[in-house]
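Chain by chain, the residues:
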Amino acid sequence: MSATETIARLSRRQVAWRAAQDILDGWYVNLGIGLPTLAANFVPADREVVFHSENGLLGVGPYPKPGEENPDLINATKEFVTLLPGASVFKHSDSFTIIRGGHLDLAMLGAFEVSKDGDLANWTTEDLRFPPGVGGAMDLAVGAKRIWILMEHTTRKGESKIRNACGYPLTAAGVVTRIYTDLAVIDVTPDGLLVRDMAEGLTPDALQALTEAPLSFAADVKVLTAPAVE
Amino acid sequence: MSATETIARLSRRQVAWRAAQDILDGWYVNLGIGLPTLAANFVPADREVVFHSENGLLGVGPYPKPGEENPDLINATKEFVTLLPGASVFKHSDSFTIIRGGHLDLAMLGAFEVSKDGDLANWTTEDLRFPPGVGGAMDLAVGAKRIWILMEHTTRKGESKIRNACGYPLTAAGVVTRIYTDLAVIDVTPDGLLVRDMAEGLTPDALQALTEAPLSFAADVKVLTAPAVE
Amino acid sequence: MIDKRIPTLEEAVAGIEDGSTILAAGFGAAGVPTQLIHALLDQGARDLTVVSNNAGSGRDGLAALIAAGRVKRIVCSYPRTSGSVVFEEFYARGEIELELVPQGTMSERMRCAAAGLGGFYSPVSVGTKLAEGKEVREIDGRIYVLEMPLQGDVALIHAAKADRWGNLTYTLSSRNFAPDMAMAARLTIVQTEEMVELGDLDPDHIVTPGIFVDRLVHVGKNA
Amino acid sequence: MIDKRIPTLEEAVAGIEDGSTILAAGFGAAGVPTQLIHALLDQGARDLTVVSNNAGSGRDGLAALIAAGRVKRIVCSYPRTSGSVVFEEFYARGEIELELVPQGTMSERMRCAAAGLGGFYSPVSVGTKLAEGKEVREIDGRIYVLEMPLQGDVALIHAAKADRWGNLTYTLSSRNFAPDMAMAARLTIVQTEEMVELGDLDPDHIVTPGIFVDRLVHVGKNA
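Chains as they are written, first to last, in our numbering: chain A, 1 to 230; chain B, 231 to 460; chain C, 461 to 683; chain D, 684 to 906.
Be aware that one or more of the hints could be misleading.
Covered stretches of chain A (chain D as the covering partner; in silico rule of three or more C-beta atoms under 8 Å from a C-beta of chain D) [what the hints assert, rightly or not]:
1) 55-61
2) 72-84
3) 92-100
4) 168-177
5) 187-196
Among the chain B residues that face chain D by a calculated CB cut under 8 Å, a handful are [claimed, not checked]:
6) Leu254
7) Asp255
8) Tyr258
9) Glu278
10) Val280
11) Phe310
12) Leu313
13) Ala317
14) Ser318
15) Val319
16) Thr327
17) Ile328
18) Arg330
19) Gly331
20) His333
21) Gly373
Pair by pair, the computed Cβ-Cβ distance ranges are [stated by the list, open to error]:
22) Asp701/D x Thr419/B: 43 to 51 Å
23) Gly680/C x Arg242/B: 42 to 50 Å
24) Phe360/B x His498/C: 21 to 29 Å
25) Arg156/A x Lys812/D: 35 to 43 Å
26) Gly554/C x Pro274/B: 46 to 54 Å
27) Asp502/C x Gly404/B: 21 to 29 Å
28) Gly752/D x Pro71/A: 26 to 34 Å
29) Asp357/B x Arg465/C: 44 to 52 Å
30) Gly404/B x Glu654/C: 31 to 39 Å
31) Ala219/A x Ala474/C: 46 to 54 Å
32) Lys295/B x Asp701/D: 14 to 22 Å
To be clear, the hints were calculated from the coordinates, so they are not data collected in a lab.
Backbone N, C-alpha and C define an ideal beta-carbon position, used for all residues, glycine too.
Isolated chain A, as found in the complex (with noise of 0.2 Å):
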C-alpha cells in the first residue's frame, strides 16, 4: 500500500458537498456547469439559497419528476428544472446586469487552472480540434462577490492544477477567492495561498508536493471529511 493510497481524497460529490456547506443562509448563487451544479443538492436544509441561472432565471428549484418536464422551463445547462415560490424570469440582458453588476453573491465554477494569484482559466484548453465556447464563464469570473472554484486538485497525469501562473489562456486575472478540492480547501488571500482543510493523510509537505504553488497554511488547518454522499 503506497503513501498516496493513505490519502481520503473526496469524491467529486464529496467536494460538491464539502462547498455547500458554506453557502450561507440568504446568498443568491450562480453553479456551473459539471461539479458546481452538484452542489445545489447538498445545502443544509435549513438555508434558503436562491439560485440564478443565466438564462433569466432566479429562485431555480431541483428537476422534476420523469414526465413533468416543462420544456420552457430550463437552466442555462440545458437542463429541465422546476422554480421554488418566489422565482422570477427576467430577459437575458438583466440576468447579466444580476451577474455583471456584482449582485450575486457567490458564482461556484470549475476550473483547468488557477493562479496563486487568483486568476482562473476556465474555458479554453486551446483544443483546435473543437470550437472555443465561453458561454457566462468570464461575466461571471467578473461579477460575482465571490468566485469559488471546484476542482480536481491535480489532472489525470497528476500535473498540479493550482499553479504560479495560469498556463491555458485566461478567463479572469485575480478573481477565485477559494478552492475546493479532493485534497483541500484553500483560500487565496492578498498574501497567497492559504490551506483551510486537509485531507486525512496528508502533511503539508505531502500537499505542497502536489501543488506547483506555493502554500501557506492556516494555523488551525481542518480534516477535509465530507460524509459518503449519492
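Use these hints to put chains B, C and D onto chain A, whose structure you have.
Just chains B, C and D now, with coordinates in the frame of chain A:
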C-alpha cells in the same frame, strides 16, 4: 386696417390641428408639453396612432372623466390620463431606449427657436431667476425619426423664431425636420427651409419679412387652413 | 430564511449615513416613496445627494427634506415644476447644488452602474451646454459624449406588491424609475402597498427580482 | 389601423436580403423561433450573419440553415453543444466564421444598439484572448474594454402571446434573448403560440411593447 390684420393666422389649437393631419396611421408619437399635446385631440379618427409618454407608457388615451382619475396613471406632463386597449408599461430606462434608439416615428415639440439648419433651442432661455430644467427634451431631439416643431412664428415682440442660428442654448443640432407655425408649414431640407403651406393673406415676401432665415417656396405652396377647433 | 420585511419605517431607514447618495423613485406624484422620505427626515442623515427626476413639490416629501437643509446636492432632469417652491428658494440662495442631467441619461447612468459597466457613449446633449467638459468621440460617423455610471448608496422605492424575498410589482406609471433605481443602489429600501405570500407573484410578472431589494416595509395602499 | 398579423410564415420572412444580420432568439430549445428559421431556409437569403447564443443542434432550425450553406458567420457565446454537429463540420472545414462573444456582452451589445448608444465599457474579458484588439481603459481604478453596439437587420422571435399591435409575453425561460433581440433589429418578426385580442394583455405584464415588433405570425403551441 393694416396689412398684417388681413393675414389668416392660425390659433394655437389650429396649429395643433394642422400638424395632427400629417400624423400617419400606425405611427408611434411623443407629444411635448403645451401646444404639441393638443395635437392628440385632432388626429383623424380613421388613423390608429400610439402615443408614448416618457415616464414609461405606450398607448396613452384621452384624459379621464372627472372622478375617474387614477393616481397611478399620469403622463410626462403629470396629468391624469387613461390607457387604450393595447397599451403597455415599462421602466424608465426602457422608455428612453424607445426614444434614444430611434423607435419613435415622430416627436412633436415646442421651441424657442429653430435655425435654418434644423438646430433646436427649446430647453432654456437662461433666465437666471429660475433653475434650468431639461427633462427629456435632448433625448427626444436626437432620438425620434422625425422632429416636428409647433410654435408661434414670431415672439410677442414680433421677432422671428426661425433664425439663421439659434441665440438660445441648443437642445440639439440639425434635428428638426418640419416646422408648423401660425403662419406656415416649413420643411427643413438639406437645401434649406422650404415653405409648404402659407397663411392666406401672406405673400412669399411678406412671410420672408417675418422670418430671419432665408426661405424658399415649394412650386405648389398650399394655403394654410384649419377648421375652427375647440 | 430570507425575510426582508422590516416592522417599522424607522428601522427600514436605520443606518443611512451623512453624505449618502439617495436614489428617490417617483415621477410626478406616482410611485413616490413618501413615507420612506419622511422616515429619512426623522432619521437625521445630512449632506445628502438626492437623485430624482424632480426636485420636490409642495412642502411634503423631498421638499420637506430640502426645507430641513438636509440636501446638499440634487441630480435631476427637471427641478422646476409648478410646486417646486422650496427647491427654488434654496437654489436662489445658493444653498443647494444642482446637477442637471437629460432625463434618459439619468436612468441610463443608473442602469450602467447596476450592470457593472464603466460608462457609455450617448448621442444626447452633444454640442450643448450639458456636454461641456465631457469627453466627445466620433463612432461610425456619429458624435457621442461619454457618460459615467451613477451609483446610489441607498434607493427608496414604492411598490404595489412585494413578497418576503423582496420580489416587486408596480402599478402602471408608478413603475417609472423604481426598477432602475432598485438595481443601482448598495442598499435598496422598499415601501409596499401590499405584502403577499411567497409564490403569490407570477414569476413572469415580477418586475424587480428580490435580489435587488434589501429591506421591505408595509405601508398600505394610501401611501 | 395597426395590424401586424401576417397570414403565412412565407410572407412573414419575405424580403430578407442576402448578407443580412439575423438575431435568432432562444437558449437551448426554449424560445427558439423554429418555424421562422425554416421559413427563412425556404426563403433563400444567403451570406447571413447569425447572432445566437448557440450554433444549432441536431439537423433542424439553425443547424439546417448552416447545413444549407447559408450562414457565412455566426456571433455566439457557446457554439459547441452536445448536438452541434453541423456547425462543427462547417467550422472544421473553414466554411463558417465564428465571432466568439462572452454571453452577457452579447445581449448588452444588442441592448446598446437598441438604446441608440455608441458603445460601452465592460470589465468582462479584460486581459483575455477575447479582448485582443479592443480598446482598454482604466476608469475609477478598474480596467474595462470598449464594446460596440450589435445591430440586427432582422430579429426572429418566439412569443407565448401577442396582440395585433405586436405586444408580446413569453413563458418562463423561453423569454431569454427575445426582448433584447426584438429591440435591436430593424425588422422584428415574431411567431406566436397564441394570438389574443387587443386589450387582453395586462399593460403591466407586457414584456415586449409592440413598438419593437413589425410582423407577427400565429404558429400555435407546439411550435
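The hints, checked one at a time:
1. 55-61: holds (count 3)
2. 72-84: It holds: at least three residues are needed, and the region 72-84 of chain A offers 7 whose Cβ sits within less than 8 Å of chain D.
3. 92-100: Since three or more residues must qualify, the claim that chain D covers the region 92-100 of chain A holds, with 6 doing so at under 8 Å.
4. 168-177: Holds, because 5 residues of the region 168-177 of chain A bring their Cβ atoms closer than 8 Å to Cβ atoms of chain D.
5. 187-196: violated (count 0)
6. Leu254: At about 11 Å, which exceeds the 8 Å cut-off, the nearest Cβ of chain D leaves the hint on Leu254/B violated.
7. Asp255: holds, 7 Å
8. Tyr258: Interface hint status for Tyr258/B: holds (5 Å vs cutoff 8 Å).
9. Glu278: holds, 5 Å
10. Val280: Holds - the Cβ of Val280/B comes within 8 Å of chain D, reaching about 7 Å at its closest.
11. Phe310: Since the shortest Cβ distance to chain D is 16 Å, the answer is violated.
12. Leu313: holds, 6 Å
13. Ala317: Since chain D brings a Cβ to about 5 Å from Ala317/B, closer than 8 Å, the hint holds.
14. Ser318: For Ser318/B, the interface hint holds, since the closest Cβ of chain D sits about 4 Å away, which is under 8 Å.
15. Val319: holds, 5 Å
16. Thr327: holds, 4 Å
17. Ile328: The hint holds - Ile328/B has a Cβ within 8 Å of chain D, the shortest such distance being about 6 Å.
18. Arg330: holds, 4 Å
19. Gly331: holds, 4 Å
20. His333: holds, 5 Å
21. Gly373: The hint holds - Gly373/B has a Cβ within 8 Å of chain D, the shortest such distance being about 6 Å.
22. Asp701/D x Thr419/B: 43 to 51 Å: Violated, at about 33 Å.
23. Gly680/C x Arg242/B: 42 to 50 Å: Since Gly680/C and Arg242/B have Cβ atoms about 43 Å apart, the given range 42 to 50 Å holds.
24. Phe360/B x His498/C: 21 to 29 Å: This hint holds: roughly 27 Å between Cβ atoms.
25. Arg156/A x Lys812/D: 35 to 43 Å: Because 25 Å falls outside the window, the suggested range is violated.
26. Gly554/C x Pro274/B: 46 to 54 Å: Cβ of Gly554/C to Cβ of Pro274/B: about 52 Å, so the range 46 to 54 Å holds.
27. Asp502/C x Gly404/B: 21 to 29 Å: Hint violated: Cβ distance 51 Å, outside 21 to 29 Å.
28. Gly752/D x Pro71/A: 26 to 34 Å: 30 Å Cβ-Cβ, so the 26 to 34 Å window holds.
29. Asp357/B x Arg465/C: 44 to 52 Å: holds, 48 Å
30. Gly404/B x Glu654/C: 31 to 39 Å: Distance hint for Gly404/B, Glu654/C is violated at roughly 49 Å.
31. Ala219/A x Ala474/C: 46 to 54 Å: At roughly 37 Å between Cβ atoms, Ala474/C and Ala219/A fall outside 46 to 54 Å, so the hint is violated.
32. Lys295/B x Asp701/D: 14 to 22 Å: violated, 55 Å
When held up to the earlier numbered hints, the structure conflicts with 5, 6, 11, 22, 25, 27, 30, 31, 32 and fits the remainder.
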